[in-house]
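Spelled out from the first residue to the last, the chains are:
2 protein chains.
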Amino acid sequence: MQILVSEVGPRDGLQSVKRAMPTQAKHDWIGALAAAGIREIEVASFVPAKLLPQMADAAEVVREAAKIPGLTVLALAPNLRGAQDAIAAGAHKVTMPVSASEAHSQANLRKGVDAAIDEVRRVVELRDSLPAGSRPGVEVGISTAFGCTLQGEVPEDFVIAVAGRLAEAGVDSIGLSDTTGYANPAQVRRLFRRLGALVGHRMGGAHLHNTRGQGLANVVAALDVGVTTFDASQGGIGGCPYAPGASGNIVTEDLVFLLESMGFDTGIDMAKLLAAREVLKAGLPGEPVYGHVPDAGLPKTFRPAAAGAA
Amino acid sequence: MQILVSEVGPRDGLQSVKRAMPTQAKHDWIGALAAAGIREIEVASFVPAKLLPQMADAAEVVREAAKIPGLTVLALAPNLRGAQDAIAAGAHKVTMPVSASEAHSQANLRKGVDAAIDEVRRVVELRDSLPAGSRPGVEVGISTAFGCTLQGEVPEDFVIAVAGRLAEAGVDSIGLSDTTGYANPAQVRRLFRRLGALVGHRMGGAHLHNTRGQGLANVVAALDVGVTTFDASQGGIGGCPYAPGASGNIVTEDLVFLLESMGFDTGIDMAKLLAAREVLKAGLPGEPVYGHVPDAGLPKTFRPAAAGAA
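Just so you know, the sequences run in chain order A and B.
The C-terminal position of the first sequence is numbered 320 in our numbering, with every residue numbered one higher than the one before it.
The C-terminal position of the second sequence is numbered 320 in our numbering, with every residue numbered one higher than the one before it.
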């Protein structure tokens with residue numbers, strides 16, 4: 011069985027690192043990730059450069075990434091304007107932020123949940139206005155789906171209601187994000203099961219954090235209920251998982267090891283993925299990178315899924 | 011549903027730390043763990059003090075721990091002589107090492123797998139010779155059950171055959187240990203399913219390592235196939251999981267958080283468990299301790315299983 015690992019480091023990771031990675035270094039890293047077999051990369055965020063100077067080169071990064079054969083290029087856009095720019099640059103998919111917590115939505119987007127969904131609707135209309143064949147995918151990963159550091163509990167019924175409204179709005183893929191590192195495997199199974207029952211083939215990926223060490227445990231739970239796309243960031247970049255405010259993304263290297271060891275084919279070559287890690291490090295010298303598998307090494311018994319391990 | 015967390019720090023952890031924790035500090039730590047609701051602790055190893063000076067006070071530690079009401083006191087004994095001493099000191103259960111890898115068995119015990127099983131048989135005979143009511147439990151966690159750094163692949167059929175011979179020998183509880191941090195969730199499900207089918211109620215716990223970041227993912231898999239006992243070490247002591255030769259025990263605090271969040275009742279109070287961590291640190295000043303949950307803190311939404319979360 012194939013599983014899609016969607017690399018979010020160049021966007022989610024780099025926007026959390028204080029200094030900006032030079033544009034050429036981004037090209038190199040994205041190229042190395044693609045060469046390792048990563049088939050989908052979230053490469054940039056289309057927000058004003060004043061807010062996120064690390065993403066000032068978003069259009070250039072998307073344009074360059076879009077030249078890589080076989081790679082699906084994702085860009086984050088918080089609004090219609092950003093989506094227009096992302097599409098103009100050649101992004102294959104636009105991912106938009108919608109939160110299931112009013113408090114988080116206000117803090118993160120300066121608008122409420124309803125207004126965020128309205129913005130998504132405008133981007134869907136933009137997509138539909140484009141000629142068939144040149145329409146980008148529109149994705150949403152619902153933030154704080156498993157709880158919110160501001161609001162606390164996020165009712166599961168509300169998360170599912172938001173998903174339903176997004177499906178009605180015409181979003182192609184609706185995933186769930188554990189923005190705060192609050193999720194547990196029982197909750198992951200429950201929510202993705204409900205999501206799949208409601209939106210069927212529009213069920214998107216799991217964006218899980220390792221803030222409390224539960225990231226891969228939650229991946230196992232999501233696999234059980236049919237999730238086939240997982241976000242991760244190389245080296246876990248996006249801040250130390252121990253630091254307050256850290257993103258705590260699950261580490262791509264550890265995720266790919268998990269999946270391949272279990273017999274899920276990711277299409278990713280572990281040796282080349284570790285080589286891409288060196289390219290990342292060269293682009294951000296001195297920045298801490300994480301990962302158990304890179305530190306401990308592969309087991310003697312490791313065989314990639316395509317080689318027939320299970 | 012109840013899950014037993016079996017704390018192995020005072021034995022497995024402390025024997026991997028170079029300096030010896032003072033005996034009084036061991037008493038304090040074990041007391042604090044028990045006060046947090048930990049119902050089973052592996053407190054010592056009965057090996058010659060020349061080999062493991064950290065365990066020179068094994069008898070005294072067992073005697074003191076056995077005074078704690080409701081606590082099951084485990085001791086490791088590599089042979090009959092060690093088992094006699096452990097039982098004399100008042101251990102409720104004796105756990106014995108048997109490896110599924112000949113190479114590891116020779117390296118670790120200086121005897122082969124057959125000879126290790128013979129030694130277990132002698133301890134079972136000793137148990138049976140004692141008056142009913144004073145018979146200790148005899149446990150084995152089969153080492154390198156998921157692969158060996160020396161031998162590489164460990165055939166699953168061989169692991170299961172060893173388990174069968176141990177059951178025939180009269181061992182009360184037969185678990186599986188991922189000594190090398192090689193296990194993946196698919197393998198964990200497969201092997202524990204076979205173990206349970208073969209030995210039924212004698213199926214013991216899972217001793218999983220986090221060397222490659224897969225520890226809690228493997229716990230989720232083991233829970234799926236009916237495993238109800240998990241080893242862990244407070245603060246993950248037993249060496250840095252990144253260092254070569256590290257034990258990489260899963261961290262008790264992170265495990266308890268996982269289980270309680272999922273709705274499994276461990277009987278353990280998280281706040282008191284974190285207090286015990288401070289007692290550990292005081293007993294081994296300067297020694298690194300690990301754990302994502304202690305570093306990140308509990309989520310706002312956390313409710314222990316007994317409070318009705320799921």
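Hints in this document: simulated from the structure, not taken from any laboratory.
None of these values were measured; they are calculated from a predicted model.
Where a beta carbon is used, it is the ideal one built from N, C-alpha and C, also for glycine.
There could be a bad hint or two in this list.
Unchecked claim - Within a straight-line C-alpha distance of at most 30 angstroms, the following computed DSSO-like cross-link-like pairs (lysine-lysine) qualify:
#1 A:Lys121 x B:Lys28
#2 A:Lys310 x B:Lys103
#3 A:Lys291 x A:Lys310
#4 B:Lys28 x A:Lys310
#5 A:Lys28 x B:Lys310
#6 B:Lys28 x B:Lys310
What the hints assert, rightly or not - Which bits of chain B does chain A cover? Going by a derived footprint, with three or more residues having C-beta under 8 angstroms, they are:
#7 60-72
#8 111-119
#9 181-189
#10 300-306
As the list claims (entries may be wrong) - Here are some chain A residues pointing at chain B (derived, C-beta under 8 angstroms):
#11 Asn194
#12 Arg222
#13 Ala227
#14 Phe267
#15 Gly273
#16 Thr311
Against the structure, the hints:
A distance of roughly 55 angstroms separates the Cα atoms of A:Lys121 and B:Lys28; the hinted pair therefore is violated under the 30 angstroms criterion. Distance hint between A:Lys310 and B:Lys103 is unfulfilled; the C-alpha atoms sit about 34 angstroms from each other, more than 30 angstroms. Restraint check: the Cα-Cα separation between A:Lys291 and A:Lys310 comes to about 26 angstroms, which is no more than 30 angstroms; the hinted pair holds. The straight-line distance between the Cα atoms of B:Lys28 and A:Lys310 is roughly 27 angstroms, inside the 30 angstroms bound, and the hint therefore holds.
At roughly 27 angstroms between alpha-carbon atoms, A:Lys28 and B:Lys310 fall within 30 angstroms of each other, so this suggested pair holds. Of the supplied pair hints, the one linking B:Lys28 and B:Lys310 is violated, its CA atoms being roughly 38 angstroms apart against a limit of 30 angstroms. Coverage of the segment 60-72 of chain B by chain A is violated. Counting CB-CB distances below 8 angstroms, 0 residues qualify, and the rule asks for three or more. For the segment 111-119 of chain B, the proposed coverage by chain A is not satisfied: 0 residues have a C-beta within less than 8 angstroms of a C-beta in that chain, short of the threshold of three.
With a cut-off of 8 angstroms between beta carbons, the segment 181-189 of chain B has 0 residues touching chain A; three or more are needed, and the interface restraint is violated. With 5 residues having a Cβ less than 8 angstroms from any Cβ of chain A, the segment 300-306 of chain B passes the three-residue criterion, so the hint holds. Hint status for A:Asn194 relative to chain B: holds, with the closest Cβ pair at about 4 angstroms, below 8 angstroms. Restraint check, A:Arg222 versus chain B: the minimum CB separation of about 5 angstroms is within 8 angstroms; hint holds.
Of the supplied interface hints, the one on A:Ala227 holds, with its beta-carbon coming within about 4 angstroms of a beta-carbon of chain B, less than 8 angstroms. Checking A:Phe267 against chain B by beta carbon gives a least distance of about 6 angstroms; that is within 8 angstroms, so the hint holds. For A:Gly273, the shortest C-beta to C-beta distance to chain B is roughly 6 angstroms, which falls under 8 angstroms, so the interface hint holds. Taking 8 angstroms as the C-beta cut-off, the interface hint given for A:Thr311 holds, the closest approach to chain B being about 4 angstroms.
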